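Novice: The chain contents come next:
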Amino acid sequence: MVKRLDDLPEVEANHLRRVECPTYDDTPLLGGKPLAERRVAIISTAGLHRRGDRPFRPGDGSYRVISAETSARDLVMSHISVNFDRTGFQQDSNVVFPIDRLRELVADGAVGSMASVHYSFMGAFPPDAAKPHAQHLAGLLKADKVDAALLVPV
Amino acid sequence: MGALGHFLEREGIATTGISLVREHTETVRPPRALWVTFELGRPLGRPDDPPFQRRVAKAALDLLARTDGPLIADYPEHVTEEADFTGWACPIGLAPTQVDSLGAEIDRLATWHDRAVAARGRTTVGVSGLDMPSAGALVDGALAGNLPPAQPLKEAVDDLKAYYLEAAAAFPDAGTDRMRKEWFWSETRLGEVLLALQPKLAASDDPQHKILGNLTLIPAVERHRLAKR
Chain A
694 MVKRLDDLPE VEANHLRRVE CPTYDDTPLL GGKPLAERRV AIISTAGLHR RGDRPFRPGD
754 GSYRVISAET SARDLVMSHI SVNFDRTGFQ QDSNVVFPID RLRELVADGA VGSMASVHYS
814 FMGAFPPDAA KPHAQHLAGL LKADKVDAAL LVPV
Chain B
361 MGALGHFLER EGIATTGISL VREHTETVRP PRALWVTFEL GRPLGRPDDP PFQRRVAKAA
421 LDLLARTDGP LIADYPEHVT EEADFTGWAC PIGLAPTQVD SLGAEIDRLA TWHDRAVAAR
481 GRTTVGVSGL DMPSAGALVD GALAGNLPPA QPLKEAVDDL KAYYLEAAAA FPDAGTDRMR
541 KEWFWSETRL GEVLLALQPK LAASDDPQHK ILGNLTLIPA VERHRLAKR
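For the protein sequence lines, the chains are A and B, in the order given.
When we follow the numbering used here, the leftmost residue of the first sequence carries the number 694, and every step to the right adds one.
When we follow the numbering used here, the leftmost residue of the second sequence carries the number 361, and every step to the right adds one.
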């Protein structure tokens, strides 16, 4: 069980301590509709994409498009980091990209609806490299009537 | 991950997310985060456990109702690690021999990989576009001194790692994920080849080779093996 960095093996903790995290003067916070009325997209940073799409490269701040109809059979992961488990994803893609869980929550009425398109970045990107892509992505999300995003790291 | 929360929320999309490393989230201060204690690489906690995953997803989504952020909520459920039995040995006769080759090892695993694909209905192999013998030949060639560009080499290595670990999950007594990773690094010829390749990449004049050798070939928790060589 991962608790805090101090509880991890030293070599792993030191690796994570070296990750540069951006800081911000303030945090924007939007109100909005109840969850049962929201349209939700999943945005992963696991370096996921369809087999045959451009793999991620070091420093890549762009994203890949994963339509809601994409089969788990077509999903691969090209994250450059080797410092996280991939066997969970190999066993069950939903442990990284919970699209079937989101679909169930929509069917249950807990979530209003699911975006027609979902997205993946590759985490540990330089924030400046991702910012223009994220701003463009916001436009795509709005065009799909999405008003909330579930951000899933790896 | 947290940076995306800032970007998207500022552009009008409300965000919530999962946090795997609390210290990072405390620094980045995204709008809303559900901190989980799961292993890195498993943000929803447990593979093949839809109810568990659904509870995690719902808990993260429920945070959208809150506007008192930046906030980090602690997820109350944890994942207990699988029991680790010491003395586990690969039940299949795959141990490399002196006369063995990487190609022969890849070939011997094919049946097990086929079984894994049949059982799971999918494979995560397929980033490089190479078949596994070709990926192995690329890695063998790199070790022999013909270093290809870093990107295709990295993609071939990642595909091979996925192929090996997926195949091992189909062994009759497959052990735990942790045991199979130990098997990969301590008992396979591919693991040996990657450890031998690391110093060649690190010594290359090509900065992309250096990144691969120093950061993205051998996991941090396995680098102790380099010192023993």
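Everything labelled a hint here was simulated from the structure, so no lab data went into it.
Heads up, a few of these hints could be off.
[Said to hold, decoys possible] Label pairs and their in silico Cβ distance ranges: (1) B:A587 to A:A765: 23 to 29 Å; (2) A:A803 to B:P567: 46 to 52 Å; (3) A:R766 to B:A587: 28 to 34 Å; (4) A:D699 to B:K588: 37 to 43 Å; (5) A:K838 to B:T427: 35 to 41 Å; (6) B:P532 to A:R710: 28 to 34 Å; (7) A:N707 to B:G505: 43 to 49 Å; (8) B:R468 to A:L722: 53 to 59 Å; (9) A:R796 to B:A470: 44 to 50 Å; (10) A:G802 to B:P532: 40 to 46 Å; (11) B:D566 to A:R710: 43 to 49 Å; (12) B:K588 to A:S809: 22 to 28 Å; (13) A:T716 to B:D566: 32 to 38 Å; (14) B:D434 to A:E703: 32 to 38 Å.
[Claimed, not checked] Using 25 Å as the maximum straight-line C-alpha spacing, the simulated DMTMM-like pairs for lysine to aspartate or glutamate come out as follows: (15) B:K418 to B:E383; (16) A:K835 to B:E371; (17) A:K835 to B:D422; (18) B:K570 to A:E703; (19) A:K838 to B:E383.
This structure is a prediction, so every number in the text was calculated from the model and none was measured.
Beta carbons: idealized from backbone N, C-alpha and C, even for Gly.
Novice: Among all the numbered hints in the text so far, which are the ones the structure does not match?
Specialist: As far as the earlier hints go, 1, 3, 4, 5, 6, 7, 9, 11, 12, 14 and 19 are violated by this structure, in ascending order.
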